[in-house]
Amino acid sequence: MVAQKSLPSRLFDGFNILLMILISLAMVYPFYYMFIVSISGNTAVMTGSVNLLPVAPSFAAYQSILKDPMILVGFENSFLYMVVGTLINMVMTALCAYPLSRPDFFGRGIFIKLFVFTMFFNGGLIPLFLLVSNLGMINSIWAIVLPTAINVFYLVIMKSFFQSLPFALTESAYIDGANDIYIFWKIILPLSTPILATLILFYAVAQWNSFLPPLIFLTEKENYPIQLFVRNIVIEGQTADISNAMSQSQVESAAMSEKSIKYALIISAALPVMVIYPFIIRYFEKGVMIGSIKG
Amino acid sequence: MVNQSRMAYIARNLKRSKYLYAMMLLPFVYLIVFKYLPMYGLIIAFKDFKIYDGMLGSDWVGFKHFQKFFMDENFVMLLKNTFLLGFYLLLFGFPIPILFALLINEIRKKWFKKTVQSLSYLPHFISMVVVVSMVVTFVKVDGLINGITGIFGFAPISYLLQEEWFRTIFVTSEIWQTLGWSSIIYLAAISGVDPEQIEAAVIDGANRWHQVIHVTLPAIASTIVIMFILNIGNILDLSFEKVLLLQNPQIYETADVISTYVFRKGLEGFQYSYATAVGFFNSIINLCFLVAANQLSKRFGGSSIW
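These protein sequence lines map, in sequence, to chains A and B. In this text, residue positions in the first sequence follow this note's numbering: the first is 194, and each later residue adds one. In this text, residue positions in the second sequence follow this note's numbering: the first is 3, and each later residue adds one.
Hints are not guaranteed to be accurate.
To be verified - Reference listing, derived: stretches of chain A covered by chain B, where coverage requires no fewer than 3 residues with Cβ under 8 Å from a Cβ of chain B:
| id | stretch |
| --- | --- |
| 1 | 206 to 212 |
| 2 | 215 to 223 |
| 3 | 334 to 346 |
| 4 | 351 to 365 |
| 5 | 377 to 388 |
| 6 | 412 to 425 |
Derived from the structure by calculation, the hints contain no laboratory data. Note that beta-carbon positions come from the ideal geometry of N, C-alpha and C, so glycine has one too.
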C-alpha cells in the first residue's frame with residue numbers, strides 16, 4: 194500500500210510541518226513572552242531586549258501582586274463564583290438533561306424546543322438587567338451564578354450522552370420496581386462520569402472566565418472577580434486599583450517595571466485555566482465531546 | 003367521549019412521568035424566569051419605561067424608539083460597522099479552520115498531530131479579558147508588535163488609537179482564538195471518511211491533492227454547509243464582550259457596533275426603552291439572517307439546522 198512518495202508530495206509534507214510549527218508557536222509564544230517579561234528586570238524590559246529568555250529573573254512582580262489586598266479579594270471572589278456556579282450548573286443541567294433524554298418522557302419535544310429556541314433568540318441585555326435588578330440580585334453572587342445556570346449547548350451534549358446509554362437498563366430497573374429518580378441516581382449517573390467530568394471542566398472554565406455578568410451586575414469592588422480587576426488595570430489603565438503593587442514598583446523600579454506587573458497579573462488570571470487545560474485535553478482525546486456532538 | 007379518553011391518556015402519561023417532571027421543575031422555572039421573562043421584557047421597547055411605573059405601568063409609545071434609532075446620526079455607521087466586522091470575520095474566519103483541518107489531517111506523525119491540535123485549542127479556553135489584555139498591551143506603541151515591525155524599520159504605531167486598524171486587530175485576534183477549536187467539527191467529519199474510498203481513489207491513480215478534492219472535501223461538504231449557515235446566522239451577533247473590551251471612544255468610527263451602543267445607551271445612559279428597542283432590532287435581524295440562510299440551504303437540497 195505504501196508507495197514511494199513523489200517529490201511534490203514530500204515537498205508539501207515539509208512545508209506543512211513547517212506551517213504547523215509556526216501555528217503552534219503563534220499559540221504559545223504570546224503566553225511565553227508575557228511570562229518572561231513578567232519575571233525580567235526593569236532595564237531589560239524597557240530596552241525591549243526580553244524576547245527569548247528572561248533577563249535578571251525574579252518573581253518580584255508576582256510577590257507584589259500577592260501583597261495587594263484588592264487583587265487577593267478578586268481571586269477569592271472568582272474562586273467562590275467558580276465553585277458555587279459550577280455546582281449549580283451541573284445540578285441544573287443534569288436534572289434537565291435526564292428527563293429530556295428519555296424517549297418515553299411525555300412532553301419531551303415541547304421542552305426541547307423551548308430550550309433550543311433560546312439559543313437563537315433572547316430578550317437581550319437590558320431586559321435581563323432589569324429582571325435581575327427587580328429580583329434584588331444586584332451586587333450578589335446570585336446575579337453571577339443564576340442567570341447562566343444552564344448552558345443549552347452543554348445541556349444538549351449531556352442529553353445526547355444519556356441517550357447513548359442502552360434504554361434496556363432503564364426498562365429492566367423498572368421491572369425490578371425502581372423509580373425514575375433512583376434509576377437516574379444509581380444507574381445513569383455512575384455510567385456518565387466521563388461526560389460529567391468534561392462538563393464540570395467546561396463550566397468551571399466558563400465561570401472563571403466570566404466577564405459580562407460581573408460587569409453589569411456588580412458595582413462594588415469588594416465583589417469583583419479577578420477578570421474585572423484585570424480589565425480595569427490593564428485595559429482601562431486604572432492603576433488606582435493596584436496602587437499598592439504599583440507604588441511598590443516605583444520604589445523598586447530598578448527591579449521591575451509596570452509592564453512586568455501587568456503581565457504577571459494577566460498570567461495569574463489565566464493560570465487556573467492553564468492548570469486544568471491538560472485535563473480538558475485528556476477528556477477530549479477520549480472523544481467524549483466529539484462523540485456526543487456527532488450523536 | 004373522544005375528548006375524555008384523550009384526557010385520560012394525558013393524565014396517565016403525566017402520572018407515569020411524575021418523577022421526571024419533579025426533576026424538570028427547577029430547570030423549567032429557570033427557563034421561564036431567566037430566558038422567557040426577559041423576552042417578555044422586550045415590551046418596554048414599545049413603552050416609555052420608567053423605574054417607578056414598572057414594566058406594566060409605563061405608557062405605550064408604539065415604534066417611537068425604533069424611529070428614533072433609524073433617525074439617529076449614528077444609525078448608518080453602527081449598521082455598517084456591525085455588518086463589516088461580521089463580514090470580514092466570515093470571509094477570513096470561516097475558511098481558515100477548514101484549511102487547518104485539511105492540512106493537519108495530512109500530518110502522518112501522530113504525536114506531532116496531537117501536540118499541534120492540543121496547542122491550537124488553548125486560546126479558546128483563555129478568558130476574553132485576558133485575550134484582550136494581551137492584544138491591548140501587544141499593540142501599544144512600546145508593545146511586542148511594534149518591537150517586531152521596528153526590526154524591519156517601520157515607525158511605531160499606536161494601533162488601537164487608529165480607527166483603520168480596528169477591524170484588522172479584531173479579526174486577527176478572533177482567528178487566533180478560534181482557529182483550532184472551530185476545526186474540531188471538520189476534523190470529526192474528516193475522520194468519518196470511509197478509508198476504502200481513499201484506497202479506491204489511490205488505485206484509480208489519485209494523488210494526495212486529488213484525494214482531498216474528490217474524496218475528503220465532498221465527504222465533509224454537508225458539515226461545511228451547516229457551519230456556514232450558522233455563521234451567516236450569527237454574522238451580526240459579534241462577540242459583544244470582545245468589541246466592548248477592545249474599543250475606545252477615539253475609534254468609534256469603526257469600532258462601535260449595535261450591541262456596544264445598546265450597552266452604552268442602556269446601562270450607562272439609563273435610556274432603558276431606547277436601548278431595548280435597538281437591541282431588539284439587532285436580534286430580529288440576526289434571526290432573519292439565520293432563517294433565510296437555512297431556507298436557502300434547504301432549497302438547494304442541502305442540510306438544515308432544524
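When the hints from earlier in the document are held up against this structure, which numbers fail?
-> 4, 5
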